Structures are given as C-alpha cells and as structure tokens.
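J.: Its first residue numbered 370, the sequence shown is counted upward by one per residue in the numbering used here.
Hints were generated in silico from the structure; no laboratory data involved. Heads up, a few of these hints could be off.
[Said to hold, decoys possible] Distance windows between CB atoms, simulated: (1) P777 x Q642: 41 to 47 Å; (2) Q775 x D568: 51 to 57 Å; (3) R862 x P777: 32 to 38 Å.
[What the hints assert, rightly or not] 30 Å max Cα-Cα, derived BS3-like pairs, lysine-lysine: (4) K792 x K779; (5) K434 x K448; (6) K666 x K632.
Given the structure is predicted, the values throughout are model-derived calculations rather than measurements. Even for Gly, the Cβ is constructed at its ideal location relative to N, Cα and C.
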Amino acid sequence: MTPVASPVKDATRSLLLRRSTSRALPAQRTGSPMPNAQYPIIMARTPTLNFDRGTLILHPPPRGKGWMDYATWDDRVEKFRIPAIRYRSLVEALQAEDVNFIDEAKQFYPIDLVPSLEMEPYPHQTEALAAWKLAGRQGVVVLPTAAGKTYLAQMAMQSTPRTTLIVVPTLDLMHQWYAHLVAAFPDAEVGLLGGGSRDRTAILVATYDSAAIHAETLGNQYALIVFDECHHLPTDFNRVIAEYAIAPYRLGLSATPERTDGKHADLNILIGQEVYRKRAEDLAGKALAEHEIVQIKVKLSQLERERYNQLIQTRNDFLKQSRISLGSLQGWQMFVQMSARSQSGRRAMLAHREAKDIALGTDGKLRILVNLLAEHYPARILIFTADNATVYRISQELLIPAITHQTPVKERHEILTKFREGKYNTLVASHVLNEGVDVPAASVAIILSGTGSAREYIQRLGRVLRKGNIENKQAILYEVVAEDTSEEGTSARRRGGAGGAGGEKERKGNLHVVYGSGKERSLKAAEQLEINYSTGSSKSKIQNSDVTDRVTDASPKRGGDNSEETED
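The whole structure should be built from the sequences, with the hints applied where relevant.
T.: As structure tokens, then:
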C-alpha cells in the first residue's frame with residue numbers, strides 16, 4: 370500500500386532541501402564571484418512585521434533572540450507567527466536589541482482630540498489616570514457606578530491621542546457613549562459597530578458581540594482600546610477582542626470586575642493589572658451623593674409562615690436523604706441533577722421554588738412599599754424586584770410604569786424620558802434597570818427582592834448615587850427582606866460582597882448603614898507623579914511610523930460622567 374504524503378511534511382522537507390542547497394553553493398562557501406546568470410546575488414531583506422487575521426507574521430527572521438519568546442513556526446506559511454496580543458512586547462524586545470525592522474502590522478495613527486468643554490476632574494479621576502499611565506497605559510480601574518468612568522476614559526483618550534475602540538456590553542450604552550463622545554469631540558470621527566451600524570472611524574464604539582465577530586479585522590486598527598464593564602471580556606466568546614488586537618494601550622473599567630467563575634484573573638493578561646480602586650463610600654459626598662442604606666425586615670403572615678415552613682421541611686428532608694448540602698455551587702448543581710431523577714426530588718425542587726416565591730412576594734413587602742412611596746413622595750423612586758411577575762403585580766395594583774426585558778425599545782425610551790422629565794415619579798423593574806440607564810434624578814431605590822450578587826447590589830445602589838445638578842443630594846437605598854427566610858442569607862451575601870463593612874453604623878432593630886462618614890484619605894501617591902510615558906526607545910530603528918510615537922499628555926479639565934455603567 371502506497372503511503373499518503375503529508376502536505377505539511379512535504380512543505381517542511383522542501384524548505385530544508387532549499388536551505389541545504391543554498392548552503393552548498395560554491396560562492397557561499399568560498400566567497401568567489403558568482404556569474405549573475407547562474408547564481409543571482411541574494412540581498413538580505415529587512416524583517417517585516419505583518420498583521421494576519423488576529424495574528425502577526427514576522428519574516429524573514431530577524432537577528433537576536435528576544436523575539437523568539439513570542440514566536441511559533443507555522444508550517445502552513447513557512448514563517449514565524451506571533452499572537453497579536455504580544456505585539457507591544459515583541460516590538461519592545463526588537464527595540465531592546467536594536468533590530469531594524471519594518472512594521473506593516475499597525476494601521477492605527479495619531480488623531481487630534483480637542484474637547485469642546487473643559488471642567489475640573491475629580492481628584493479620584495486624576496489619580497486613576499496617573500496610575501494608569503504609570504502602569505504603561507495598560508490596566509483596570511475599578512470605580513463605583515456614577516463615579517465618572519466615562520469621563521476618565523475621555524481623559525485617557527486625550528492623553529493618548531490615537532485611534533480608539535470603545536467596547537460596551539449593551540446597545541443602550543453604545544448610544545450613550547456615542548452621544549458623550551460626539552459632544553466631547555465634535556471635530557472627531559466617531560462611529561458605531563452594532564445594532565445595524567458598521568462604521569469604520571478613528572473613534573469607534575462597539576458592543577462586545579459585534580467587536581468579537583469582527584475581531585480579526587479590527588485588531589490592527591486601534592492603538593487604544595477601552596473596555597467598559599470589562600468583567601464581560603474574559604468569556605470564551607468575547608476574549609478574542611483583546612487577543613486578536615495589537616493595541617499597545619488598554620483601559621478596563623468596571624465597578625465590580627470580580628467574576629464567580631474566577632476568570633477575572635484573565636484581565637491581567639487581556640488588559641493589564643488593576644491599577645486603581647475606589648469604593649462608593651470613599652467617594653460619598655464628593656463625586657457621589659451622600660447616601661444611606663436601610664434594611665427593613667418584614668414578617669410573613671401566619672398562613673405564609675406555615676406554608677413556608679412546610680415547603681422548606683419537604684425540601685430539607687430530600688436534601689438530608691440525598692446527603693446534599695446547598696452551601697456550595699456543587700451542592701446546588703447536585704440538587705438540580707437529583708431533582709430530575711425521582712418524584713421525591715421533583716417535589717423537593719417545586720417546594721424550594723414555592724418557598725422562594727413566598728419570601729420574595731409576601732404581601733407584607735407590598736404594604737412596606739406603599740408606606741415608603743407615601744413617605745418619599747414626590748421624590749423620584751426606582752423599585753427593583755427579582756422577577757417579572759412581581760413587577761407586573763406592582764404595576765397593576767399601584768399604577769406604576771413598569772420596564773422588563775419584554776418592554777419594546779420605543780416604549781422603554783418613552784418611559785425613561787418621562788421619568789427624567791418628572792412626568793413619572795416612580796418606576797418598577799426587575800433586572801433591566803441594572804444596566805444602561807442614566808437617571809440622575811432618582812434619589813430613592815427600593816429593593817424588594819434580588820439575587821445574592823454583590824455586583825447587582827452595587828449597580829442598583831449606583832442608580833441613585835449620581836449627583837447630577839442636584840445640590841446636597843441625599844440618596845437612600847431601602848432593602849426589604851422577609852425575616853427568618855432564605856432571603857436573609859441572600860441579603861448578607863450581596864452586602865458582604867459589596868465590601869461595605871468599613872463605614873457601617875448599626876441601630877437597634879433593623880440594620881441601618883451609613884456611608885461616607887469616614888475621614889478623607891490624605892495619601893494620594895499617584896497624584897504626585899508627573900508621568901511622560903512612552904514605549905519608545907532612543908535606539909529603535911523601526912521603518913514606517915511606529916507604535917512608540919511619543920504620547921503627548923493633554924490636561925483635561927472636566928468632571929462628571931454622562932454615561933451609564935453596566936454590570937451583568
């Protein structure tokens with residue numbers, strides 16, 4: 370039987386044959402002159418770096434060894450290939466060895482960014498920008514919702530005036546960023562990628578989905594990438610946005626970058642290390658409104674309590690019999706699996722869900738809600754629940770406008786507009802108001818139910834922290850919890866993860882938490898540093914304009930944030 374030839378092996382064998390033949394040429398061994406007709410003179414070519422669909426190709430191989438740490442031989446093209454994300458490290462390695470090469474990979478370029486308005490940035494914005502630049506213009510900044518992350522990104526763009534890609538998780542945020550950037554830089558080209566738009570502009574705002582789909586073509590177009598709500602980046606689908614990009618400058622923004630799957634650690638590679646962090650309580654009374662958090666515990670009615678205890682007993686009997694503990698994710702996964710294998714398991718799961726519904730939707734919560742609405746009328750109030758059924762129940766019984774994921778886009782826009790204008794004083798929603806919404810007029814938030822996620826808790830609090838044009842704004846977050854139910858544990862998890870223990874003051878009875886009362890921090894190390902960072906080297910010999918063009922620092926003088934931060 371005749372063996373089938375391997376194309377990869379044949380190509381490699383051919384390459385080795387050509388190399389051995391060239392080494393055997395008499396003129397190469399002896400240095401004797403070669404007749405042009407028989408042995409044409411081959412001049413050494415300058416190594417060239419090219420971008421190829423999310424990767425880099427370096428050919429012919431340059432001298433030195435530093436670049437070898439990033440390169441892998443590709444038999445398909447008989448050239449060395451490097452991951453696009455290693456572009457900056459590769460260029461710096463070649464520069465360090467004084468290697469002359471041609472950079473045809475990058476298509477980004479300097480742009481003129483002249484802001485139309487200038488205001489004084491908040492101290493934390495100045496500190497965050499300085500820390501980011503000190504880290505080589507790569508890294509993650511963690512700031513609470515409404516702390517001015519959008520304007521911080523604008524400051525970063527002004528101090529790094531190159532083509533820029535901004536990636537956001539939702540269409541609402543995409544349009545908010547677009548509106549902000551058009552207003553900030555009226556003379557710049559600002560475009561959209563997502564929601565039917567496919568612009569190719571010097572400044573591009575894209576959704577994570579669209580940017581991931583087009584990552585292979587976007588990868589060499591932008592010098593700076595801003596990842597808004599960067600905790601969305603480390604998913605298997607989204608991470609290619611960073612991996613296929615050669616952008617030497619990267620800024621990640623989030624209020625809660627931590628992920629339950631632990632993949633937030635990948636942000637160190639995809640964007641850079643965390644360079645700056647502030648909590649809501651650190652900024653209360655300054656960039657954010659003064660605020661207090663009040664927890665109200667509600668007792669179940671006698672009938673609700675009896676039914677709740679009965680259901681929990683049914684569930685717990687099954688868990689004990691099956692030796693399952695719900696204290697971990699693995700325990701919950703096992704409960705789900707076992708509930709599908711027997712009638713008793715199914716009854717236990719149904720009992721668990723019904724008990725949860727009783728705790729989330731007890732009539733006592735609605736009575737508390739009515740009292741709070743009357744107490745704070747006519748303040749702008751946002752009501753949050755964990756499920757759509759409760760949203761519609763509140764909307765129908767109290768005649769309050771409701772927004773869910775089922776609300777049409779135009780209707781949602783109309784409701785939010787009327788809320789901002791004051792025609793509506795109250796809104797009720799499940800999860801959709803957690804993200805992509807700018808409602809600075811809201812001063813009261815009421816959480817009737819929610820998950821144990823600290824991220825959800827922080828983003829709901831953030832809905833009322835924007836100061837807007839309101840002087841001495843005092844925001845209040847009410848957390849209404851069913852007493853002696855699983856909701857108490859859920860509440861403890863989300864508040865514990867939010868890290869609010871530092872400034873807590875407890876009253877007797879219901880928990881009462883007040884933030885922002887601590888002394889102002891005096892240490893602002895990052896603010897004291899004068900930074901003029903460049904990846905360039907005085908010894909570099911790169912042909913074409915290079916990645917290391919010196920970055921000129923502008924002095925932005927504007928505070929605030931016209932965008933909405935979103936967390937998932």
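J.: Of all the hints numbered above, which does this structure not satisfy? Sort the numbers upward.
T.: 2, 6
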